[in-house]
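S.K.: The residues making up each chain are set out below.
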Amino acid sequence: MEYVSPEGLRLDGRRPMEMRQIRGEIGVVAKADGSALFEMGNTKVIAAVYGPREVQNRSQQLNDSALVRCEYTMANFSTGDRMRKPKGDRRSTEISLVIRQTMEACIMTHLMPRSQIDIFVQVLQADGGTRSACINAASLALADAGIPMRDLVTSCSAGYLNSTPLLDLNYIEDSAGGADVTLGIMPKLDKVTLLQMDAKLSVETFENVMQLAIEGCKAVATYIREVLLENTKQLEYRRGI
Amino acid sequence: MVGLSIGEKHFIQGGIAQDLRSDGRKRLTTRPIYVETGVISQANGSARVRMGATDVIASVKAELGRPNALQPDKGKVVVNVDCSPTAAPMFEGRGGEELSAELSVALQCCLLGGKSGSGAGIDLSSLVVVEGKICWDLYIDGLVVSSDGNLLDALGAAIKAALSNTGIPKVNVAAGASGDEQPEVDVSDEEFLQFDTSRVPVIVTLTKVGRHYIVDATSEEESQMSSAVSISINRQGHICGLTKRGGAGLDPSIILDMISVAKTVSEQLINTLDSHIAAAEAGEEES
Amino acid sequence: MRELQLSLNQTQKVRLQRALEKLEFLSSKANSNASVTVADSIPVNYEDGLLKGHGTSEFNGEVVATVCGIVERVNKLVYVRALRARYKPEVGDIIVGRVIEVAPKRWRVEINYSHDAVLMLSSMNLPDGIQRRRTALDELNMRSIFEENDVICAEVRGFQHDGLHLQARSQKYGKLGRGQLLTVPSYLVKRRKQHFHNLENYGIDLIIGCNGFIWVGEHVQVTDDMVVDQVNKSEQDDAKPDENSFSPEDQEKNYTRQETRENICRAANAIRVLSTLGFNITVEVITETVDLSTSINVAIHEMLGSEFYVLVAEKESVRRSMTKKK
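Chains as they are written, first to last, in my numbering: chain A, 6 to 246; chain B, 1229 to 1515; chain C, 189 to 514.
In short, the hints are calculated from the structure, not lab data.
Some clues are possibly wrong.
[What the hints assert, rightly or not] Which chain B residues face chain A? A few, computed with CB under 10 Å, are given here: (1) Ala-1271; (2) Ser-1287; (3) Val-1288; (4) Pro-1313; (5) Val-1399.
[Said to hold, decoys possible] Counterexamples of contact, computed for chain C against chain B with all Cβ distances above 10 Å: (6) Ser-245; (7) Val-339; (8) Lys-503.
[Said to hold, decoys possible] No more than 25 Å apart at the CA atoms, straight line, and that leaves these computed lysine-lysine pairs for BS3-like: (9) C:Lys-293 <-> A:Lys-238; (10) A:Lys-36 <-> C:Lys-264; (11) C:Lys-378 <-> C:Lys-264; (12) A:Lys-193 <-> C:Lys-240; (13) C:Lys-360 <-> A:Lys-238; (14) A:Lys-238 <-> C:Lys-240; (15) C:Lys-360 <-> B:Lys-1237; (16) C:Lys-363 <-> B:Lys-1237; (17) A:Lys-238 <-> C:Lys-513; (18) C:Lys-210 <-> A:Lys-238.
Remember, predicted model here, so these are calculated numbers, not experimental data.
Note that beta-carbon positions come from the ideal geometry of N, C-alpha and C, so glycine has one too.
Start from the sequences and build out the full structure, keeping to the hints where you can.
M.R.: Below you can see the structure in the form of structure tokens.
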């Protein structure tokens, strides 16, 4: 099948290097310490952060750093074909772990010893790139909760189809069988914190695809920073003196 | 769930007795309700309903299936509710399962009628494409994103809004198939049939605290309830289903009294909901 | 962007927008662009020497923010004041909290901090008001002072090896009776001299805890130590019959008076509105909002409707421009 037309357009009309429309909104869950909604095209994710708070299960308490926990859930209606998946299947467990490790790398956990931070991500619509959307949403939610972080982790995926590197795959492109590289970076520190790929690629192509994903992450970072800065300014001027 | 001190409990109970609740409402005043439709683009219909800090999403997906052999002239509807851990950390893992099951069953009984499917709030016979062979299966999924009491009513309202947002594709059945053969169908992706929701009921939950009962309880008020009766009523004023929760016993005459109160409340609720749905649909078309 | 979860009609939208823009204009004069987000570098002048405070870290020789907030400079110290975050206790803060556990010789109290605070039995004035060593009997009777879920008011004593300690060494501290507890983001509460307020013309008590827990309740007469004994006794006599008798009539007589309740609910809704709009919460603003609602005859529950939000925002913009001019 042809995923990139001879004119250089993808199935949804994007250019190969073009990202889908992204949108972030802060403060969507009233009772959480921090929360955010993040959309990448049709992929829509809510993240809620509770904490830092007292560790609920004393045996898990860490004496030198905060305990970070994460749970990823997909709504029944999130996928194109409705699927009834049991909670905590292998895929969700794996993604929960990936998100937890990625966020743990940027949270300054040593500043909050003997406490617990819970990150809950809920997928409302899945259309490819849910991992990336979850990480971006979690970053926004953590920043909203005022949790100190080294940097904002942002994530984006890129793939390789019809001998073209493509940025930010949607579901159809993702399931086309080509490589799918999901990347998470800390833009300021210039470090990669998440890297996953599920097909074979030559080293040179991989380099190109990864470079493309890095550009994507940076674009997401620029957007997220704008949202956060605007939000901070608003909070400050509304509060007054 | 919600821990309250004796003074706070006393205050809440007193407020209900004096007809002035903690947020200034009277016993039968509801919180303002916000409706947004078409929030899930992949579904046939969807809606998000907010009442105070309660926030729920309902979606409707239609799939072609075979009718049940016992009821060849009826489609199938499945209602399922999930509580997202974003709403409260206690819903993490399997923590929300009990509440989810309770809500699913209550909704099923309020909207779908008995096993025979007769008297259901949702008209099941309109879902049949070819009698005995093809029908639409409606999967109604609810998701609790944020919770501050009165989840059942909010879910009921969201489902009603989602159903009125639902377009079921028009199906052309190839003629000629006879006997046991499964006829060939052609699902149109342009023409949609609007689902008739005029008879879909709304749910009104009356929560009994002390000697009085209230509508649209917050979670603090729910923690003080002795029992609650959820009544689903449609526009015609017919009761489509009823569930009672909570441990304390109720006097039969009180139940009848509650039903008549629920009827008046439901009229207002249906009217506000309808106007909100219409406004939401209009807003959606604009954007 | 944090969006207000309100359904506004077109004119209300415009009015709210205008009011908020005015607020932005008023504040932008005062502090220049000091807002930062995570990982923004903070320009500093190294020549004067430098102390890095909260919310900052060092990377590649630059000072970098680790939270979103406002950069503050005090002499050599540079720190980022976080806005939305959990409460950061300071010694002497007056806080409102909820008891979650009665442990040996101490209560654990939830105060919106990253850990539970500890109130030792020994940092607590005993009901009889006598200073003495705490006996085993006192320890057994701890639940008669505070039990689980009680809302209490106390002062931050300081950090000890096992966490944050509270103290309640005055009659004004202690258990809070009838009323409601509201939670607001703690950055909206500013530390002031006075956190206990008795709004006499409303007959209510208002305690604005530094941790963002606000108590609005019936006014309780604070008595000094000398007469506590007798009053306590007579109070107990009063209290006994209604707690033990289950007849609803008796209980109903004992409920908060209608008028007081109206005032409590009005004040509570005023706080809810201010907190949603993200305005600084002080006793003056709360009373002004309450007065605004009564002067234009808004029903109490309608204070949470869209129109009143817009009115409060407009009022706040006028108020702030007035104080500016002075």
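S.K.: None of the hints should be skipped; say for each whether it holds.
M.R.: Comparing the hints with the structure gives:
1. Ala-1271: holds, 5 Å
2. Ser-1287: holds, 4 Å
3. Val-1288: Hint on B:Val-1288: holds, closest Cβ of chain A at ~8 Å, below 10 Å.
4. Pro-1313: holds, 4 Å
5. Val-1399: violated, 18 Å
6. Ser-245: At about 29 Å from chain B, C:Ser-245 clears the 10 Å cut-off, so the statement holds.
7. Val-339: Given that some Cβ of chain B is not farther than 10 Å from that of C:Val-339, nearest at about 5 Å, it is violated.
8. Lys-503: holds, 19 Å
9. C:Lys-293 <-> A:Lys-238: With a Cα-Cα distance of about 45 Å, the restraint between C:Lys-293 and A:Lys-238 is violated, given a limit of 25 Å.
10. A:Lys-36 <-> C:Lys-264: violated, 38 Å
11. C:Lys-378 <-> C:Lys-264: holds, 24 Å
12. A:Lys-193 <-> C:Lys-240: holds, 19 Å
13. C:Lys-360 <-> A:Lys-238: violated, 38 Å
14. A:Lys-238 <-> C:Lys-240: holds, 22 Å
15. C:Lys-360 <-> B:Lys-1237: holds, 22 Å
16. C:Lys-363 <-> B:Lys-1237: Since the Cα atoms of C:Lys-363 and B:Lys-1237 sit roughly 14 Å apart, the hinted pair holds (cutoff 25 Å).
17. A:Lys-238 <-> C:Lys-513: holds, 23 Å
18. C:Lys-210 <-> A:Lys-238: holds, 14 Å
Of the hints listed earlier, those the structure fails to meet are numbers 5, 7, 9, 10, 13, in rising order.
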